[in-house]
Every structure is written in structure tokens, then in C-alpha cells.
Amino acid sequence: MLEFSGIPRPERLIDENGRRIDGRRPDELRPIKMEVGVLDKSDGSAYIEFGGTKVIAAVFGPREAHPRHLALPDRAILNCRYHMTSFSVEERKPLGMTRREIELSKVIREALETVTFLEEFPRAAIDVYVEVIQADGGTRTAGLTAASLALADAGIPMADLIAATAVGKVDGHLVLDLCDLEDKYGEADMPVAMAPRFNSIVMLQLNGRMAIDEFRRALALAQKGINEIYKLQREVLKRKFSELSPEEV
Amino acid sequence: MALTPKKDLTASIMRNKIYSLLLQDKRIDGRRPADLRPIKIETGLLTKADGSALVSMGSTKILTGIKVEVGAPFPDRPDEGTFTVNAELLPLASASFEPGPPDERGIELARVVDRSLRESGVVDLKKLCLVKGEKVYILFIDIYVLDYDGNYFDPSLISALAALATAKIPRYEIVDGKPQKTGEYFSPELSALPFTVMVGIIGERFLIDPQLEEEKALDVSLVMGTDEKGNMTCVQKNSPGQIPVGLMDRLVDVVAEKTNEIRRKFLQEIPVKLASVS
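In order, the protein sequences belong to chains A and X.
In terms of our numbering, the first sequence is residues 1 to 249.
In terms of our numbering, the second sequence is residues 1001 to 1278.
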């Protein structure tokens, strides 16, 4: 087996009691922290932690599209950049966008577009920025979850929130919400995002191998986690808006 | 930052037409929803490339070439050769492709093919080691979309595998610490044959291997792959839009069946004997 960045593969990723390397059960999410309105200058923002994964997302807009020729007559354009800080990973990530970041920006943008009412804002632009502060597995799913919260925080009309997590296969077991070591030393990693209100998938990728039957069960496991995350997202938004005075709303 | 391209004005009209045909299990080009277009595979067309393949699926055409160099391995895998996959959507392939470095679509294509090859362990990288920790074979698998009539994913993976399976890699030996060609050639042994099938969804209906007119009108599309053992090897939702969760069960079965069909076709053209992994 391979070694990554000096962290050797643990002898077992699942112990005899069925517990994972961080003590979780296979279908257990990591401790989650969510907060909205964390930045002052953006129109909406959110901070999320899934265990050691820490991500911040911010939204600007709707605002004038630049350059102007990109503006569309019938809807807003949605820009999205997923980016990792240089110190978010074990070995310093070079500055600038890697191919991975360009791909993930695309899949995150395409997921957000499925629930955002872009046609409400013709000729405008909505810019979504996702910054990974620390990466411990599941950064794209945390980023997407945070981005949808930031859009809601910016008051942009949406058909639903997006909740996302990864499922994977580790030492032959299906597990929910992979951490970095499970992602790297496991057999498969499958990020999933859903719009729970529509019971639909808005992002889906699979890196690795799993049997077809496992794929079906993995999808169901992801949905379970997604429903838990969705509940937390709604709570954090409700809390924020119930704390605002009538003038602030 | 790239943007999602705007929809063609005709897309919504086409969508309705394609959808009403799907309700009768028909498509605009006479195929049935789960029919692939004809696949043509030609290999060894080029002499300068160490491996090459021209693959067409309907009128979508993909050319893949492989060039091999000798270089240093990754420090964390000292006894393994390496490969990289690049893909370019050439401006001559479509009025919608522009010259310049690969945009997000090219990068996505390259990374989907890369993951399919890497995660299913197609190439036994240990067999591409010359001197542990110092010199290994480095394979550059470069994919060019020559003619884009929808679905560049599936034929790209076919062409990468065809080029790999038929490659003639110059064998090197180390003389005075420097790599030198021996004049002999070898072919990389393949240990798996993963293929993908692109699925397009309109409403609650689906079709596979969309041609361009269909692809432009889809609500959403995704690429799914399986290997010869029936494992899922690759999934990528590659467009905006929502996939109804309830559709996935059926899609997985169709994809497994259709990747088998591609595999049979591939093996007819290129009778590969799969090696066991070292």
C-alpha cells in the first residue's frame, strides 16, 4: 500500500468493534459546526467544519456582470471558485488554481445552479467563493454545503438548500463522511450532494471502485447523512434570522 | 472562472421533441434509448507516437497518442512508473471550442479518464520501473477531440485504452547511469478494462450516448463506468441539473450492460489478455 505525505497507512481502518480510526461508527458524521454571516464585506457568507475540515464560503451579488459582454439577457451568471489555501494540506499546495480545483469549481457551480433562481436577476452576476482553510477529507462537499448557506445568507432566492457529504469504502466497509486518511487509504470515495426537497442528486462523483450493489447502498447511506446536514443547515439559518430585529430583515 | 454555457435557443424545442420520442422509446436518429452509436477503433496509425488510437462513436472522433519518457518516480512511490492524462477539445472539433489551454471541460474530461484508468489499476505501474527510486517509465496519454458530435467521454476512454493496449514502448537500460534505448519494444500489460457510458436524462426518462443535438437539450447528464468484474469504477455528474434519486437503480443496471457491450466490441478489435496485478 502507498504512503502519503509521511503518514503511514494505519494497520486497520476499521477495528474489531466496527469503529473507525477516529472512533466513529460507519454511518456516523464527524462533529459539525456551521455558522452564517461570518464575513463583513461579502453579501453572504458561511463557515463550516466537518471534523478537521474547515471551509469558508462567501457570496457577492447579485451585482453587475464583469466583463459586461458575459451578462445574459434572461438570467444571472453564476461564477464559482473552489480554492484551497496553500497551508490547508500536508505538503504546501502551490499558489494558483490546480486542475483539481478547476474541476471542482465546475461541479460545485453546476450543483448550485440547480437550486438558485438565476432568472430573477437578468444581466447580473452572482459570485461564489469557496476557500478551504484546512483539508481533512470531504472539502468539496463541505464547500458546497457552505456555499449554499452563503447564498441563503445573501438573501438570494433558492428552491432548496444543498447538503453534501461523501460516502466511501474503507477496508471493505461502507462508511459515511470520510476523513483524509480514509479517503487516501480507502478503496473508494464518492462525494454526493442533494437537494433534499426534490429528492434529487445535484453532484455525484466516484473515485475508486465498489461493487454495483455497494454503490446502491452507498447512495442510501449518503442520503441519510445529507438529511442530517440539511437539518443543521436549516437550524443555523433559522437561528440567524430569528435573532435579527425587524429593521435588519 | 468559467461559466456554464448558455442554452441554445432551440434547446427547449428539441427537449420537447426528444422527450416525446423517448415516451415511445425512440430517438431523433432512430436509435432506442439504450442504444450506443456504432464504435470504430483504429490503432497504430502513427509512427512517431509510442501508441495511438483513433476512435469514433457515431461521428464523434477522438485521437489519442501516447509518448513515453524516462524520468524520476514520485518520492512516495519509488518503484512505480507514472502516467498522466491530458485532454484537449480542439477548435477544429466544434464551433463552440476555442483555441487556448484546456478549459474546465477539457480538464474534467482528462480527469475522468485518468480516474477510470488509475482507480481500476489498468496499468501495472510496478512493471514500468527501471531503477527503484531513480528511473521509471513515464507515460503521457494525450487525448484530442477531433470531431464533437456529443459525448466525448466514452470514446476518449476507449481510445486511451486502445492506445495503451497496442503501444510499443521502447525498452531502456541504464548504461553508465544514463537511460539508453535497447532497440527492443514492449507493450504495457493491462490488468483491467473499465469503460464508461454517458447517460442523459430528460424528465424521468433517460437515453445513453447522446449525440450533440440531444446533449444540448438534456436536463442533466452523467458519466458512469464499470470494469470487467462488474465494479463501478467511475461516476461523474458532468452538467447542471438534478438527477432524480429514484432513477439511479435502473441507470446502474443499464450502464453495466452497455459497458459490457463496449468491452466485447473492444476485445473483438484488440484481443487483450488481462494480466493479474503484481
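Treat the hints with care, as some may be off.
[Unchecked claim] The calculated EDC-like cross-link candidates involving lysine to aspartate or glutamate, where the alpha carbons are at most 20 Å apart (straight line), are:
1. K1006/X <-> E120/A
2. K1229/X <-> D213/A
3. K1216/X <-> D213/A
4. K1007/X <-> E119/A
Treat the hints as calculated values from the structure; they're not laboratory data.
- Query: K1007/X and E119/A: Cα distance at most 20 Å?
  - Reply: 13 Å, holds
- Message: Holds or violated: K1216/X and D213/A, Cα atoms, limit 20 Å.
- Response: The hint is violated at about 32 Å.
- Query: CA of K1229/X to CA of D213/A, is that 20 Å or under?
  - Reply: Since the Cα atoms of K1229/X and D213/A sit roughly 13 Å apart, the hinted pair holds (cutoff 20 Å).
- Task: Could you grab the alpha-carbon distance between K1006/X and E120/A and see if it respects the 20 Å cut-off?
- Result: 16 Å, holds
When the structure is compared with the earlier hints, a violation turns up for hint 3 alone.
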